[in-house]
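> Once you have looked at the hints, place chains C, Y and G on chain V.
Residue numbers (the working numbering), protein chains in the order written: chain V, 1 to 341; chain C, 1001 to 1341; chain Y, 2001 to 2341; chain G, 3001 to 3341.
FYI, nobody ran anything at the bench for these hints, they're computed from the structure.
None of the values given here were measured: they were computed from a predicted structure.
Even for Gly, the Cβ is constructed at its ideal location relative to N, Cα and C.
You can trust all of the hints, since none of them are fake.
Covered stretches of chain G, going by a simulated chain V footprint (3 or more residues, C-beta under 8 Å):
#1 3067–3075
#2 3131–3142
#3 3215–3229
4 protein chains.
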Amino acid sequence: MILFNSDYMEGCHPRILELLQQTNFEQAPGYEQDQFCDRARELIRAKCGQSDLDVHFFSSGTLTNLTVIGAALRPHQAVISTELGHVATHETGAIELTGHKVLPVPSADGKLTAEQVRQLYEAHHGSATAEHEPQPKLVYISHPTELGTLYTRAELQALHETCADCGLYLYMDGARLGYGLAAEGNDLDLPTIAALCDVFYIGGNKVGALIGEALCIRSEALKKDFRYSMKQRGALTAKGRLIGIQFIGLFEDDLYLEISKNAIETAMVIRRTCEEKGYPFLAPSPTNQQFPILPNEHIEALRAHFGFGAIAKVDEGHTAVRFCTSWATRMEDVLALCERL
Amino acid sequence: MILFNSDYMEGCHPRILELLQQTNFEQAPGYEQDQFCDRARELIRAKCGQSDLDVHFFSSGTLTNLTVIGAALRPHQAVISTELGHVATHETGAIELTGHKVLPVPSADGKLTAEQVRQLYEAHHGSATAEHEPQPKLVYISHPTELGTLYTRAELQALHETCADCGLYLYMDGARLGYGLAAEGNDLDLPTIAALCDVFYIGGNKVGALIGEALCIRSEALKKDFRYSMKQRGALTAKGRLIGIQFIGLFEDDLYLEISKNAIETAMVIRRTCEEKGYPFLAPSPTNQQFPILPNEHIEALRAHFGFGAIAKVDEGHTAVRFCTSWATRMEDVLALCERL
Amino acid sequence: MILFNSDYMEGCHPRILELLQQTNFEQAPGYEQDQFCDRARELIRAKCGQSDLDVHFFSSGTLTNLTVIGAALRPHQAVISTELGHVATHETGAIELTGHKVLPVPSADGKLTAEQVRQLYEAHHGSATAEHEPQPKLVYISHPTELGTLYTRAELQALHETCADCGLYLYMDGARLGYGLAAEGNDLDLPTIAALCDVFYIGGNKVGALIGEALCIRSEALKKDFRYSMKQRGALTAKGRLIGIQFIGLFEDDLYLEISKNAIETAMVIRRTCEEKGYPFLAPSPTNQQFPILPNEHIEALRAHFGFGAIAKVDEGHTAVRFCTSWATRMEDVLALCERL
Amino acid sequence: MILFNSDYMEGCHPRILELLQQTNFEQAPGYEQDQFCDRARELIRAKCGQSDLDVHFFSSGTLTNLTVIGAALRPHQAVISTELGHVATHETGAIELTGHKVLPVPSADGKLTAEQVRQLYEAHHGSATAEHEPQPKLVYISHPTELGTLYTRAELQALHETCADCGLYLYMDGARLGYGLAAEGNDLDLPTIAALCDVFYIGGNKVGALIGEALCIRSEALKKDFRYSMKQRGALTAKGRLIGIQFIGLFEDDLYLEISKNAIETAMVIRRTCEEKGYPFLAPSPTNQQFPILPNEHIEALRAHFGFGAIAKVDEGHTAVRFCTSWATRMEDVLALCERL
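Isolated chain V (complex conformation) (with noise of 0.2 Å):
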């Protein structure tokens, strides 16, 4: 049985087994504040362009989200997402649970527009009543998005200056940001991603690391007390350094872009030979998720050999399933689980 139905079953890249043994025995301080952490701090700085970026080191990414979220809003402040958004659908309320609404906007391709978040601040603002609902103040976008697709610079571009315009944070979630940089077609960059959004994170988990992803902290709102709110959360890792030690290994010589690519181009495989068969998509997505729409009698035959899930019902007949690669997918598989489509 092959697996593709995520990023995340494997173990991770080969070169971060090897910092770790290499480390193992050197002493370190907790909590986020030794050497590694450090060194690993200013790599992505540098990557980012960004001197005065603060980075953050978080074991999930539904505790990236829920503890920048709880630290941004007063409480009777809410979040925009999509309304396919992870926070919106995949975290079981988290966000709720810190007290605050996530605000849901329709989204045919995953994305968010500038003039949605405007229109949804407007009509918030411009409201009668506008201390009966919750008060806009967060724009909440994952990118890749959760139907693989991408932000082009302009989109964010705009988005940047709506937010700035409305006084509201700009964060990306970026679980998938490698699959992103790496795709064909992408016009962002780190730097440019850095400069326009107040925080994001730098998925680890789904792109070569054991565990991990690194927040980035452009807004000095943002900076003020973070640490308080991570421990509070109970996501100040005790071995920092376990996390620390993983991004050094990711961006240092640029590993992280490099084997993201591997997700792309088998991704690819599968996206030509649906399009060769001539299977329609849920979305166009250039990521390392693709979403191609099959009859149910063939996904039931599929399953014998390969894992990968279930998106939505399409017709009586036809559903929308998500084949995923990763850094760690192989071209043999790939070509195998073609070979029956």
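Frame of chain V, contents of chains C, Y and G only:
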């Protein structure tokens, strides 16, 4: 500079790195539903002698504590803890952020007695305006305690009986459990702990793991929907395999207990040296944390060579410090310290 | 200027002021444990035909909603409501602040169907990753709804059965309950509501009281420790007598129902006038809120003489407005409005 | 049976019922945006000598406290209070439910000193692991205190300066403020309180009103979006007129101070009687709460005729009790009590 500041200054036991290496490219499902976590669960259940324990894995102790307490209590309920309890003092108000008050009970040696629990319980329920105060519902103990002391079997039995009588949950924070089990004079073992506590965790972060704590739930009421609570708190680890594999390493062949002994042996050398020099102790700890009271000028001199914490000012000229050993502490480093004590 | 903006534009029914006057210097204990609250409880239980209802008094509907929901749910659980539900739209995210997501269900007429509840419940529990989404646990309905419509006995019975089947709480927000009970064609009464809902409240603020709502709990699970929850939310009224006395006034001699009829009679005059003029309605309300769709220039002209709300833009030239009558509305004011409609 | 249990045993001052009667059929907008609330605000601002105070009305003191503290603090911040503070002891953990820890400071007389605040602040910010503890941010004092004692002008000035220095909010709970202002020896007045506190409330519930507290905010940071916070906590009163009208009654013609004097005069008769009998006091209260220490058998005998609270067991044979007078206490009832003391 040799560090005795805490028990998480090194990486992990080499056996764990070996296992990570061996399993690195085996595919496994996410969110702690993989073959490694399942195997670790079986090993832990066997050591605890309880086949129906629910076992879940967490990345940090604070995250474990807040998830358990947040899941166990209704909003108006509170935690009973000593005033020194980790949840009362060193988690940035994480428990209060879940909405619950920690009711602090005085303690000279870090331990809570069954009698204290009963008195607090009866004082609350005997009050004519009980509903104007939070209702005690969960008893939090740490073992070893924050002062390195240990509950005896009789003391734990008494706590168990009082909690059962009063309808309180008994929760043991075992961040340093290995060092308690390996201590001289200890009369507790895992089966007894599992039989007497409603819920407890076996600490990995401080006892040989890179990352991870193993939470064990015996109470049927607490088992219900617990994975929802984990996901909602950001505690469900995407690559749960990482923690599962480590607990396989620690609980096959008794490695957990074996490596804990090193911490005790090295700590006892420090203890005996302090006793010989005539230094008193803040508390009589048989475990890996030693709290001698030293003259301030002596402390200054030691700081040139060693890292360690200052815990409490005892009088104008003396301070209680903490020397912490671990599974990784080298006897030669301890001897170097003792020479200068 | 005559105001039809809402049903809380006047003080209270004169009988209530009389009772306040008569009892003013009688001493009474605080926190709703007085002789007046007890008498009001007896009257309400008798009208509901349930001798074991727990009855509690609140100052506001939002405070009632958030206290009930906060007490009923574990942190990972959620509320099912129509997308128009008061808790979903007009409480500044009060429910989210208690930590719970409101799952919005589409509704054209403001009502929720048993079928919608069952589908949502089954979709959740049938999911392989249910624990990544909040767990539905409480069904919130308002009666009359936010569009003035009414549940029939059969519809409420079906909701009751579905909730019982699925282990969901059924909660009715009766902010305007009197106006539902007094409406033509209504086939519900207090005993039926009390038998079919786990918990509901009888609104006083909008139906003749100065301040106060009466919450009635039938579910044994919800009764437990409820006064703790009230105190903790700031909802236990020090001089509970103030609310108790008002409900004595409203529930002795059927005053509650009597005064509600005035709202219905005056609203029906507005309704028939709009029908005669050929104005369509946003929803077919038999209660005290009427939502005719008027030409915008007509609305402007009316505003010179009358206060009322604009609810929804229907097209470029037309807007749905709301005219709200109450126990205190004078027929002469309604006739003045109708003349200009 | 004559009750001295608390200061909310009667209804309200007759002038208030008169005003409610007179205004009953005047139409007014909801949610504290009416002409009566506006007039009350003007009166309060004038008495406080601050034209830019924001004034909001609440139904209960606990609701006021939790709304203010919930709005003022970021999640990792905490409240400094004496260990006797109402927020620390008698609100069922309402503050913890908003997510914030109350840091208790010892106090023999119910008062907090500027020196205690500074020490706690410096201890926190001087710690190497400050972020592992909640950050103190708001100082809560009650005036009169829970023991009936009063801050002097100099003490309040010192608290103000320390808070300003340290960037802490100073919040005064004035549930019984009238009784402090009317006490002999008091050297504070409303303009001084308004100038020295960032936020405070003037209690109505215990001082002549049926229901209502008036919150006054001087701090610009706290003013922002405060009505959102009120609505979200269920604290925005639909018929705000009810509270506005009462504060008009209390603050026209100095009624608030006038009626407070009765409580002081009657309390002083109790105090002098106890002094003459040689009974000691738990605290030297110049206000309406008197805490004499009585022999237990005497207490039993008194209970046949009078209601009052037992506050603290002093030794085997003696208990401190509380006799509470109010604006409504009749001198003849006090004399009856004194006769039996």
